[in-house]
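Model the full structure from these sequences, guided by the hints.
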Amino acid sequence: MQEFETVIGLEVHVELLTKTKMFCGCSTAFGASPNTQVCPLCLGLPGGTVPELNRKAIEYTIKAAMALNCSITEEITFDRKNYFYADLPKGYQISQFFYPMGTGGYVEIHLNGSTKKIGIRQIHLEEDTGKLLHLGNIISSPYSRVDFNRAGVPLVEIVTDPEVRSAEEARLFLQKLRSILRYIEISDCKMEEGSMRCDANISLMPLGSKEFGNKTELKNMNSFRSVYKGIEYEVERQRNILLEGAEVTPQTRHWDESKGLTKAMRSKFVSADYRCFPDPAIPPFDPPQEWLEEIRESIPELPDSRFTRFVREYELPPYDAEVLTGSREMADFFDAVLTLYNEPKNVSNWIMSEFLRLLNSTNTEISECRIKPEDLGELLNLMDKEVISGKIAKGVFEEMFASGEKPEDIIKKKGLVQISDENTLSKIIDSVLEGNPSSVEDFHSGKNKAMGFLVGQVMKETKGKANPQLVNKLLKEKIEK
Amino acid sequence: MNLYEKTAYDAAMALEKKEVTSVELVESVLGRISEVEKNVKGFIHLIERETILEEAREIDRLRAKGQRSSILAGVPMALKDNMCTMGIPTTCASRILEDYRPPYNAHVTEKLQQAGTVLIGKANMDEFAMGSSTENSAFYPTHNPWDTNRVPGGSSGGSAALVAADEVFFSLGSDTGGSVRQPASLCGVVGLKPTYGLVSRYGLIAFASSLDQIGPLTKDVRDCAMVLEIIAGNDSRDSTSVPREKESYSSYLGRDIKGFKVAMPKEYFQEGIEEAVRESVMNAVVLCIKLGVEVEEVSMPHTSYALPCYYLVGTAEASSNLARYDGVQYGFRAPDQDNLIELYLKTRSQGFGSEVKRRIMLGTYALSSGYYDAYYLNSLKARTLIRQDFENVFQNYDLIITPTSPSPAFVRGERLDDPLTMYLSDIYTTTANLAGVPAISIPCGLADGLPVGLQIIGRPFDEGRMLQFCFALEKMLGFKGLKPKISADGVLKDVS
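Chains A and B, in that order, give the protein sequences.
So that you can map any letter, position 228 of the first sequence is 228 in this note's numbering, and since no number is skipped, the others follow by simple counting.
So that you can map any letter, position 90 of the second sequence is 1090 in this note's numbering, and since no number is skipped, the others follow by simple counting.
To be clear, the hints were calculated from the coordinates, so they are not data collected in a lab.
C-beta: ideal position from N, C-alpha, C; glycine also.
Where hints are given, some of them may not hold.
What the hints assert, rightly or not - Over the 10 Å line for every Cβ pair with chain B, so calculated as not near, a few chain A residues:
hint: 1; residue: LEU41
hint: 2; residue: LEU45
hint: 3; residue: LEU53
hint: 4; residue: GLU108
hint: 5; residue: ASN112
hint: 6; residue: SER144
hint: 7; residue: ASP161
hint: 8; residue: GLN175
hint: 9; residue: ILE184
hint: 10; residue: GLU232
hint: 11; residue: ILE241
hint: 12; residue: ASP273
hint: 13; residue: ASP279
hint: 14; residue: LYS394
hint: 15; residue: SER403
hint: 16; residue: LYS460
As the list claims (entries may be wrong) - Each pair of labels, with its calculated beta carbon distance range:
hint: 17; chain 1: B; residue 1: ASP1338; chain 2: A; residue 2: ARG370; range: 55 to 65 Å
hint: 18; chain 1: B; residue 1: GLU1098; chain 2: A; residue 2: SER27; range: 28 to 38 Å
hint: 19; chain 1: A; residue 1: ASP273; chain 2: B; residue 2: PRO1419; range: 23 to 33 Å
hint: 20; chain 1: A; residue 1: TRP291; chain 2: B; residue 2: GLN1388; range: 22 to 32 Å
hint: 21; chain 1: B; residue 1: ARG1387; chain 2: A; residue 2: GLU322; range: 52 to 62 Å
hint: 22; chain 1: A; residue 1: GLU52; chain 2: B; residue 2: GLN1388; range: 27 to 37 Å
To be verified - Mimicking SDA-like on lysine to any residue, the simulated pairs with C-alpha atoms at most 25 Å apart in a straight line are:
hint: 23; chain 1: B; residue 1: LYS1346; chain 2: A; residue 2: SER140
hint: 24; chain 1: B; residue 1: LYS1266; chain 2: B; residue 2: GLU1297
hint: 25; chain 1: A; residue 1: LYS81; chain 2: B; residue 2: LYS1266
hint: 26; chain 1: B; residue 1: LYS1381; chain 2: A; residue 2: THR73
hint: 27; chain 1: B; residue 1: LYS1346; chain 2: A; residue 2: ASP273
hint: 28; chain 1: A; residue 1: LYS19; chain 2: B; residue 2: SER1236
hint: 29; chain 1: A; residue 1: LYS215; chain 2: B; residue 2: GLY1370
hint: 30; chain 1: A; residue 1: LYS56; chain 2: A; residue 2: ALA32
hint: 31; chain 1: A; residue 1: LYS131; chain 2: B; residue 2: GLU1342
In structure tokens form, the structure reads like this:
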């Protein structure tokens, strides 16, 4: 059977975390009632001008371009993309067509133990459109209503080179991109709320060929999962067409999550000519060098270099390092614990097991979590000093997670200090041995399990506070006597 | 002398000396309007008499308490109908905005309101400021007060005619390729297009954003300086507005102009200019020399590119700026449409007039893929050359003197079917818009009873010295004080 190579280029739109829109003072907050965050400017009313640019939006875009290893344009200019649609109040969209903010960058993804670079063709700033609202779907709805709250919200578009080769690569790329953009704090990248959106240009060509096949543009993928499933479906659909000897029709297709398939969308215009030209109402703007330097210096250590550092310096397994550097908050948390308790693998184990379990089961973001890194460090110290046992520590940790209290307070309050005093323990062990003669006998007749039972009884007597190593040692001495 | 005949400055002085009240000024112009407006047709919308009088009374009350917001407080005026006035119709003389009432005020509307001037109404214009005769108004053409069979020029023809006919003391117009200066020239009033960026365009309904600029139309140069002082100034709502210190333009008036160096570009005196216009302008040049001004002929070799360049840049920008009139949110929406495309096609076909549609098509064509480089990109290059022509001349000269328009007012209907001849009306005025420099037209004489305008072009933000020069020249020209006799001819022989 003929083999094909998959060629995918991604276009990702990301809403910036600015408080106000790109060209007016209206709020960008998500979820307000329709048309309550609008003004004559973002509604495109007659007489609207372009006010001074939102410097934060430009700063964020430059920051993103730098974090994605792009070179930055010398002069910042804006262009108009002209087309008619009901969600576009001015009849054109302000974008950066001729000179994108950044070009020629890349993002690294880790796949099957190797690293692959996905090229970033360009990153540019543009304004978002309004949103059409329908009763049911667009075809059957008796009306279209328009909500302009989103119109004019600054949006960054990131376009990759056609170097993505599979649905899995696309998913990994998007996750890495989200991680980077969250690290630099320019977007919350929530696909479900639409603050991160992804379209995929997909085509297949015979393996070894240099000529791309006909492509389809896939839209409406609203989660990482649907990006993966949508692309996988579309690749398979195209493969089947090609295997039958037919041609793929170049078109825009819609991912239907509930049915799990892609559908051809009625195209708005046969072939769009956007008549792009420099926006005559926005003077070009030369970003001062010092400002660019400031922005560059504000970029924190990014996931890739942090990953490398965690593996190299802390000798963590790559899997641990990947998880810990997945979000900046988590990696910051990890680094912060280490300043108090310098046993990376120990800390990693705690975070990867106990901490992530609690975060997931309570659906808590790390930023909302009440445990402070220094408290986890202290807890681990207390364990090492044998003030408490590992088992007790887990309970204390849960308590810390729920209440935000310091570990020593919880331990003191609940009287959880480990009993490591030999005399005290000896007495307790003696009484346990006395009260369980049959178990003692079992032990002597070679049943090792009995030992475990007796340890358990001691722990029960001490409400788990007994130092387990000491209990084991003393018990053994006494029983073998 | 009737009150309405006064200049804005004289009216303001009379208010200051408590010889008149704002109510009396309003009554006087309202009387004048009821007398001549039927022959001039300069207004699209007149504000209700009682509303205007109430405003005048309030200003009089404040003045009696010793509070006046500016020297022009209480003086009646008009705004071109492409400047947003909150709750008051703002139509751009277009069917597509026939019932549109903006929810906000333009920057200039705010400024004039804060200054206490009294808005009488909205002035007629060519639809969306596209035209040179005010015949492209969707409602009716305005008549030239000097000969009501003739056009007042355009696109700010209503603003110019209202001032010439003493229906208001001053008005504002907008100038994209000569739309303040050419009607000022044809109506015998003073019209200034300030430096691009001096006056905020916030609330000015855009025609071509990189060319549009708001300017005063006044009875004389002093009035022009006073109005400019009110409307000029930085505005963060318009990113093309240039941050600058406020200037007192009046303070330049009366200073000596001896030693000024003025250039006379030969390209503005070649074929196409009517002899009477040339004579009138040359007469003014002679007067300049008598005032001790050095006048020399120069060449501005790229002048001939200006008109085609203007009609490419201007229409391209317009095709985009006018895309918002789609029937979705506001304004006219055509009845009976089945889908979105039909809504657009019908609304825009029925809502726009033919000149507007012609320019949208021209501009759309110029920006289309495959034509962009040849038309739009080349016109941007030509624009740079034209700007350099000005920079070169201003290295050696303070000002440039030219005619404003190649001919005096023409007969209504004469050029309506010949857009290219109509476009030639702007041949001397588009250069200043393309270069962004300030330019003013002042009346310099009569040719067969019709006013002729003289254009003075200055360095960017050199309005002060331009006005100083014009003020001195105006005294010598002897036009000031000439008034049109408004006949009813235009109504009887109205061809439209």
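Going through the hints against the structure:
1. LEU41: 8 Å, violated
2. LEU45: Nearest chain B Cβ is 7 Å from LEU45 (chain A), so the label is violated.
3. LEU53: 7 Å, violated
4. GLU108: For GLU108 (chain A), whose nearest Cβ neighbour in chain B is about 36 Å away, the distance exceeds 10 Å, so it holds.
5. ASN112: Holds: least Cβ distance 43 Å, greater than 10 Å.
6. SER144: 8 Å, violated
7. ASP161: 23 Å, holds
8. GLN175: 37 Å, holds
9. ILE184: 27 Å, holds
10. GLU232: 34 Å, holds
11. ILE241: 30 Å, holds
12. ASP273: 5 Å, violated
13. ASP279: Answer for ASP279 (chain A): violated, closest chain B Cβ roughly 8 Å.
14. LYS394: LYS394 (chain A) is indeed farther than 10 Å from all Cβ atoms of chain B, at 58 Å.
15. SER403: 49 Å, holds
16. LYS460: 74 Å, holds
17. B:ASP1338 to A:ARG370: 55 to 65 Å: For ARG370 (chain A) against ASP1338 (chain B), whose Cβ atoms are near 59 Å apart, the range 55 to 65 Å holds.
18. B:GLU1098 to A:SER27: 28 to 38 Å: Given about 33 Å between the Cβ atoms, the range holds.
19. A:ASP273 to B:PRO1419: 23 to 33 Å: 25 Å, holds
20. A:TRP291 to B:GLN1388: 22 to 32 Å: 31 Å, holds
21. B:ARG1387 to A:GLU322: 52 to 62 Å: 57 Å, holds
22. A:GLU52 to B:GLN1388: 27 to 37 Å: For GLN1388 (chain B) against GLU52 (chain A), whose Cβ atoms are near 29 Å apart, the range 27 to 37 Å holds.
23. B:LYS1346 to A:SER140: Distance ~24 Å between LYS1346 (chain B) and SER140 (chain A) Cα, so the pair holds.
24. B:LYS1266 to B:GLU1297: 6 Å, holds
25. A:LYS81 to B:LYS1266: 41 Å, violated
26. B:LYS1381 to A:THR73: 22 Å, holds
27. B:LYS1346 to A:ASP273: Given pair LYS1346 (chain B), ASP273 (chain A) holds - Cα atoms ~21 Å apart, limit 25 Å.
28. A:LYS19 to B:SER1236: Roughly 18 Å separates the two Cα atoms, so the pair holds.
29. A:LYS215 to B:GLY1370: 24 Å, holds
30. A:LYS56 to A:ALA32: The hint holds at about 22 Å.
31. A:LYS131 to B:GLU1342: Cα-Cα ~21 Å, so holds.
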